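Please build the complete structure, drawing on both the sequences and the hints.
Protein chains: 2
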Amino acid sequence: MEPPLRDLPQLLVINPPAFFNYGDPFAAKFAVLRAWESPLPLPGFLSAHAQSARALLCSGAARCRRRGMAVANAGEVFSDDVADEAVGLALAVLRRVSAADRFVRRGLWAEEGDFALGSKLAGKRVGIVGLGSIGLQVAKRLEAFGCPVSYNSRTKKPSVSYPFYANVNSQQTQTHHMIDKSVLLALGKDGILINVCRGAIIDEKELVQSLVRGEIRGAGLDVFENEPNVPEELLSLDNVILSPHVAVFTEESFQDLAELMIANLEAFFSNEPLITLVIDE
Amino acid sequence: MEPPLRDLPQLLVINPPAFFNYGDPFAAKFAVLRAWESPLPLPGFLSAHAQSARALLCSGAARCRRRGMAVANAGEVFSDDVADEAVGLALAVLRRVSAADRFVRRGLWAEEGDFALGSKLAGKRVGIVGLGSIGLQVAKRLEAFGCPVSYNSRTKKPSVSYPFYANVNSQQTQTHHMIDKSVLLALGKDGILINVCRGAIIDEKELVQSLVRGEIRGAGLDVFENEPNVPEELLSLDNVILSPHVAVFTEESFQDLAELMIANLEAFFSNEPLITLVIDE
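Protein chains in written order, with this note's numbering: chain G, 1 to 281; chain A, 1 to 281.
What the hints contain is simulated information worked out from the structure, not anything from laboratory work.
Not one of these hints is a red herring.
All copies of an identical chain are treated as equivalent in the list; a pair is satisfied when it fits inside any one copy or across any two copies.
Computed cross-link-like contacts, DMTMM-like style, restricted to lysine to aspartate or glutamate with a CA-CA straight-line distance of at most 20 Å:
(1) Lys-120 <-> Asp-256
(2) Lys-120 <-> Asp-190
(3) Lys-124 <-> Glu-252
(4) Lys-120 <-> Glu-259
(5) Lys-157 <-> Glu-143
(6) Lys-124 <-> Glu-76
(7) Lys-120 <-> Glu-252
Just so you know, these numbers come straight off a predicted model, no measurement behind them.
Have a look at this one:
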């Protein structure tokens, strides 16, 4: 027999994570305090219902850490999926997968014949900006395509043999718009750009201009500066692949994430060490 | 100074290969006899202009071999590109790359919000039908995605450690329609099918039914039974990626192919061994 709800440990959820669309995986093991469903304003909800809650599901680990809370994150649950999407976007841009798909669906193969050639991935030089667990998975995959890999990150990784570049460009002092006009010019007309990180690392206006003018060959973009809005100029370009911020999301990774979160919560409520504890650098 | 045309060795071309659309790479080194441009019927053209030609550019190596001609083929020039396209199609089907691209271009991200989840490539079991130079390149790439690989081919490859299956299905006696209903049922509703080989190896009617009914998850198809015609039912499906028989073609591979063909022709006219001589099995 299931224990009654009030005996389950309380889990406060202020805003539902996206996977709640597919069912609440916590309901069987925790009393989920669903703040977003309450008619009360948040402070009212917290004082009325969440005084004794000891666990919180949220995004924004930094502020929790500053208040001394133990934080567990998603660990490397998403690394494979994001790396897969990055490679998928690179192949889709170079081999013009979506443009080819449109060409066939519109009946142009039979009408017009040859489809314009794409470009090779195998052997292309790849620079990875940020070589954490995702970047390393991208590198591993692209090595199998025969691509020489180099990388940029805050610090050189002693365990990695890929060539290290301290800056993406000579002006770089922060991540905001680190991919700016000078980087796009350096990529050049045979270069492509894949973004599965955050929209704001690219100067999107400059990118749009480069794509419209053919100053770079193409781009695969899963993230944008002002989501869900996408620059209108991109919507009709054949040299871009547009993706609605889904690089991290597959059925399998949602399942894996829910299991990891439950395991962390169970560890917490059993006074065991968290499985994916965030440690301040 | 270039030698006059009549001193160049003659190269007979009956039908132009697709890359002639991008310029004739042979013109500088060979006297190209362009049979397809002649008003004469082919036998007339051959007796009038090609009596002394000793080299022929064509498809259909088997008939040439039967007549005792030395045949050089494209070697492994296309293997990387076809393997890249196969992996690109697999990622595009699983991660719904083209459907996502349509979703964004139609403005549905801002209107409707979440896009339905795709499925993971990393770790999925992969069966490769035909483990020649292309299949081996596919295997190498998918291993880097953490996919366990097995294969089918006419004979077990002693140099390969992937598990070997003698038949794709128990009824298989030939390659025509070897991917039939029983194989599609075995793939099942989480399985996907990628074809970068020839259309006729799949029973296309059965495939269309499986896709329409969701009996398999999706398909990435570069080849079809009746090209350039594509079954109309596929044109509106979100779980397929359609591609106009371009897996082998990139700007780079066309260039590589032209160089290889010229090198073979130069070897032939210098009485040197052909570089990619076809040897009968």
